[in-house]
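**Student:** In case you want the letters, here they are:
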Amino acid sequence: MAQIFATESLAPGFADPVHDSQASFRAALAAFARPGRIERVPVSPGIAAPGSLGRAATAFALALLDLDTPLWLSPSMSGAAGYLRFHCGCPVVAEPRKASFAIAGGDVPALDGFDLGTDEFPDRTTTLIICVESLRTGGAVTLSGPGIQETASLSIEGLPAGFWQQRVELQAMFPRGVDIVFACGDELAALPRSTRIKEA
Amino acid sequence: MMDGTSATAATTTGYNFAYLDEQTKRMIRRAILKAVAVPGYQVPFASREMPLPYGWGTGGIQVTASIIGQADVLKVIDQGADDTTNAVSIRKFFGRTTGVATTERTIEATIVQTRHRVPETKLRDDQIIVYQVPVPEPLRWLEPREAETRKMHALSEYGPMHVKLYEDIARYGRVTTAYDYPVMVDGRYLMRPSPIPKFDNPKLDMCPALQLFGAGREKRIYAVPPYTSVKSLDFEDHPFTIESWDEACAICGSTESFLDEVITDDKGGRMFVCSDTDYCGERRKESGDEPA
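Keeping their order, the protein sequence lines are chains U and S.
Counting in numbering that gives the first Met the number 0, the first sequence runs from 0 upward without gaps.
Counting in numbering that gives the first Met the number 0, the second sequence runs from 0 upward without gaps.
Calculated directly from the structure, the hints in this document are not laboratory data.
A few chain U residues that don't get close to chain S, going by computed Cβ distances all over 12 Å:
| hint | residue |
| --- | --- |
| 1 | Ala47 |
| 2 | Ser51 |
| 3 | Arg84 |
| 4 | Gly105 |
| 5 | Asp111 |
| 6 | Glu168 |
| 7 | Gly184 |
Okay, the calculated bits of chain S under chain U, using three or more residues with CB under 8 Å as the criterion:
| hint | stretch |
| --- | --- |
| 8 | 14–25 |
| 9 | 29–36 |
| 10 | 40–52 |
| 11 | 59–72 |
| 12 | 149–160 |
| 13 | 212–226 |
Think of the CB as a built atom: it goes at the ideal place given N, C-alpha and C, for glycine as much as any other residue.
Isolated chain U (complex conformation):
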């Protein structure tokens, strides 16, 4: 174990695990309840982002992952494996379909490769966190559905081509699907599977 302590994987987690987890979860809950709205995660100052993980994505992972949640990391996020294993105790799996949480960057693979659940148990699905280059409201993609009074819109840079088309195709499978969190710096926005999208 001694050599783990010598590497960057010992970057600190939450300074106050109880209240930092709660605050990070509430930001995530607010985002899930209002898709398309950008929430700032009140992360504690000491928290460091390992690899290419932003602080909001790190806080989300620290708040929700543990030994019960197999995690899949895309190649661009693999640098965070040691950190998340150490702080969360989560198993890291090689196949996206086996993961209850997945973290990816611009190299997010095909969405139907994740665990989409079953019609009987639509809760047993992958939650996908995508670390993006920029995240703003307004713009390209129009959202509607539960949590949105009329419509919302998001403008995101750093997604692979064809991403929105894949997401639109998944809508027909509701209640199966993937819940997505976009994270950028200290901010995140959610795109639960119940949200219906339209590309401008």
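Given chain U, put chain S in place with the hints provided.
**Tutor:** Chain S alone, transformed into the frame defined by chain U:
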């Protein structure tokens, strides 16, 4: 601190913040996020034993314990009242295990935990309402097998519930369900709104607040996100209606709130008063009728 809230003096030592351990909270938080992502679907969760019996709101308490933070202001109601046994016990429980401020005023609360009522005061989009649920499965009295009801939800096969309502109309001329009246959430899942009177059902529709439902004994969590369609089941020729009264509240005079009938003596004396004590009290304050 705002008027009307009270900080709890002494918190109990030896327990984690909000009683539950952190791993349990993470498990419940993950279930809540899935519940919000699939509105109306009942997410199974590993409900814990709580220091009060099933039937006293263990599901609601576990949900509240998993979302509450130091900055929250908590209101707890039981049938609309802040001062009944269940509400007082739960408020004290969170006071002692979290030290958060509590309030009896709906407008000051960030989290409202409720047993069987929705406050008369319209909820805002920065509030969360947590319902205590005894039986989460709307089809349970029609189909006792969990494997079957699960399949019925998967297929959106809700015909038997319409038949049940129709049989009521055929026999009695109207739907006789007065509380826990079944609703469709976002046009997809049939849901029990918990045993709220059907008077409160319209408040769930397009509600600006996030609504979370916890059933401890039955180990289910479900949710209705803000601004989500919640429609009470009905028929074109028998539209859904809510209760109405000929009387007004004997204390505040409201003709718009849900009224409880209170027996006052053994000679047939009775009065009707608002079930929502905060709403009734605020109306009396506004009219200058508040007792000193």
